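Going line by line, the protein sequences match chains F and Y.
In short: position in the first sequence from 1, add 89, done, that's our numbering.
In short: position in the second sequence from 1, add 121, done, that's our numbering.
Keep in mind that the hints were calculated from the coordinates and are not lab data.
Don't take each hint at face value.
Below, computed lysine to aspartate or glutamate pairings styled on EDC-like, alpha-carbon distance capped at 16 angstroms [as the list claims (entries may be wrong)]:
#1 F:200 x Y:124
#2 Y:132 x F:201
#3 Y:322 x Y:306
#4 F:200 x Y:306
Derived DEER-like restraints, expressed as beta-carbon distance ranges [unchecked claim]:
#5 Y:125 x F:158: 38 to 46 angstroms
#6 Y:319 x F:229: 42 to 50 angstroms
#7 F:91 x Y:232: 28 to 36 angstroms
#8 Y:229 x F:125: 51 to 59 angstroms
#9 F:126 x Y:148: 23 to 31 angstroms
#10 F:114 x Y:323: 16 to 24 angstroms
#11 F:91 x Y:380: 17 to 25 angstroms
#12 Y:300 x F:215: 32 to 40 angstroms
#13 Y:300 x F:91: 34 to 42 angstroms
#14 Y:218 x F:122: 39 to 47 angstroms
Source: prediction; values computed, not measured.
Glycine is no exception: its CB is placed at the ideal position from the N, C-alpha and C atoms.
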Amino acid sequence: MKVGVLAVQGAVSEHIKMLEKCGVEGVPVKKDQALSQLDALIIPGGESTTIGRLIKKSGLDRQIIKMAEEGKPVYGTCAGMIILAGEIEGEEPHLGLMNLRVFRNAFGRQKESFEAELEVPFLGTDTFPAVFIRAPYVTWTGPEVEVLCRFQDSIVAARQGNLLVTSFHPELTEDDRFHRLLIAMARENSQETRSPREKNTVGPAVL
Amino acid sequence: MVERGTDRLKKGLAEMQKGGVIMDVTTPEQAKIAQEAGAVAVMALERVPADIRAVGGVARMADPEIIEKIMEVVTIPVMAKARIGHFVEAQILEALGVDYIDESEVLTPADELFHIDKHRFTVPFVCGARDLGEALRRISEGAAMVRTKGEPGTGNVVEAVRHMRMIMSQIQRVGNMREDELAAEAKNLGAPLELLKEVRKTGSLPVVNFAAGGIATPADAALMMQLGADGVFVGSGIFKSLNPESMARAIVEATLNYDDPHILAQVSKGLGEAMPGIEVSTLQEGERMQLRGW
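Looking at chain F on its own, in the form it has when it is part of the complex (with noise of 0.2 angstroms):
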């Protein structure tokens, strides 16, 4: 099992000793000849504006949405969730693949950003300690969309098929839940990729 995180810009290291931690091994993607080897991606936080101009001109873009495209699972945090979305208020989209609406620096500036327990029942009782930093959230979402948690009314994760979106940081964190729901949609997607069956949405059994 490989794990990439897209090595453009942000916090490429944290996501990496996050899959280590989780028994996978984590590759840096900076150039399109790698993601083909990859069983899932992650589209970690940092600026949107810069990784999505960068990917854009190296042509990666094209090869993370023909990825999606196959059923590997991608995951964004942060700036990755606005990556990932169809619409940006106020915005062109990047990759424009999941079918919600993001607002970016959502909760305001730095000195709002904020640490908050948050209860996300998919990943079963206990809370998850959840890092927002200069974040966005989810101000819309079509029909295809999982809302996966909410911090007070907003809509904070979300999941679209194999696509899977915080507007927080759980790299930052000592709780890797996120990251082996990542890794079990990753394993069932490569199972049925083998042998086709039935479909079966990964849920919190297999975590």
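Let chain F serve as the given structure and place chain Y on it in line with the hints.
Just chain Y now, kept in the frame of chain F:
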């Protein structure tokens, strides 16, 4: 329960900037150019370091009106500089809502003995350092990010290289030390023992470490990245060059592709003249900004 201003949030913002370029800007138009070129943050200033050098006199925090105008036009984080030890300038910058404060030797120091107690602020701070001891002193005061001091406003990368090599070799040396040698090393470096223990255990600084001070070309940026910087600050190097837009884009791409000489060759082509440089040895001691702070 919601917590703000924690160490994790302060360091976390710097972690999100890794692999990126932070650019000095003096007007909203420049800020937009920087953002468009792919900067991960801008530093809002009244004058870039090269002009601060040229003008002389006392350099202070920028006019809040300039900072606010820049904050209005970009969506990336906005940093601003306070004088070393000038905690009231820092309070004002925090009240304005800037995302990061640079307690900077580029401005004239306000206190020759004490740096700002950065733990008292919700906003994170970045500080300059020439060696590991200085970096750890700033971190112990609450800095959530460090950068080399280099020699600002010179377009000459030699001092930034010196400082980065110094910090990296000292980290390596500490990593090879026995635990019982650390107390003596803490005394030598003038660094807090607890932080030094952490450096020994992890083999790195406890916060992100950027390069700054004299970076003027894509090759300079890539050099600093190959020496181990987590990202780069470019002060005068962009808006004092002949063609700031191309220079800004080229430095962003060079910072990403720092280990690929073919791409570096491509992005370095036809940029026009870089900023005029100053040989550091021609500077009088009083003109060397890196000697400010301790």
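Hints, one by one, checked against the model:
Note on residue 200 (chain F) and residue 124 (chain Y): the hinted pairing holds, with a Cα-Cα distance of about 11 angstroms set against a maximum of 16 angstroms. Taking the CA atoms of residue 132 (chain Y) and residue 201 (chain F), the gap is about 15 angstroms. The hint holds against a cut of 16 angstroms. Note on residue 322 (chain Y) and residue 306 (chain Y): the hinted pairing holds, with a Cα-Cα distance of about 15 angstroms set against a maximum of 16 angstroms. Restraint check for residue 200 (chain F) and residue 306 (chain Y): not satisfied, since their Cα atoms lie roughly 36 angstroms apart, outside the 16 angstroms limit.
At roughly 40 angstroms, the beta-carbon separation of residue 125 (chain Y) and residue 158 (chain F) lies within the given 38 to 46 angstroms, and the hint holds. Hint check: residue 319 (chain Y) to residue 229 (chain F), Cβ distance near 44 angstroms, so the stated range 42 to 50 angstroms holds. With their beta carbons about 52 angstroms apart, residue 91 (chain F) and residue 232 (chain Y) fall outside the hinted range of 28 to 36 angstroms. Between residue 229 (chain Y) and residue 125 (chain F) the beta carbon distance is about 56 angstroms. The supplied range of 51 to 59 angstroms therefore holds.
In this structure, residue 126 (chain F) and residue 148 (chain Y) break the distance hint of 23 to 31 angstroms, their C-beta atoms being roughly 46 angstroms apart. Between residue 114 (chain F) and residue 323 (chain Y) the beta carbons are some 21 angstroms apart, a value that agrees with the proposed interval 16 to 24 angstroms. Here the CB-CB span from residue 91 (chain F) to residue 380 (chain Y) is close to 21 angstroms, well matched to the stated 17 to 25 angstroms. Between residue 300 (chain Y) and residue 215 (chain F) the beta carbons are some 36 angstroms apart, a value that agrees with the proposed interval 32 to 40 angstroms.
A hinted range of 34 to 42 angstroms for the beta carbons of residue 300 (chain Y) and residue 91 (chain F) is consistent with their spacing of about 36 angstroms. At roughly 43 angstroms, the beta carbons of residue 218 (chain Y) and residue 122 (chain F) sit within the given window of 39 to 47 angstroms.
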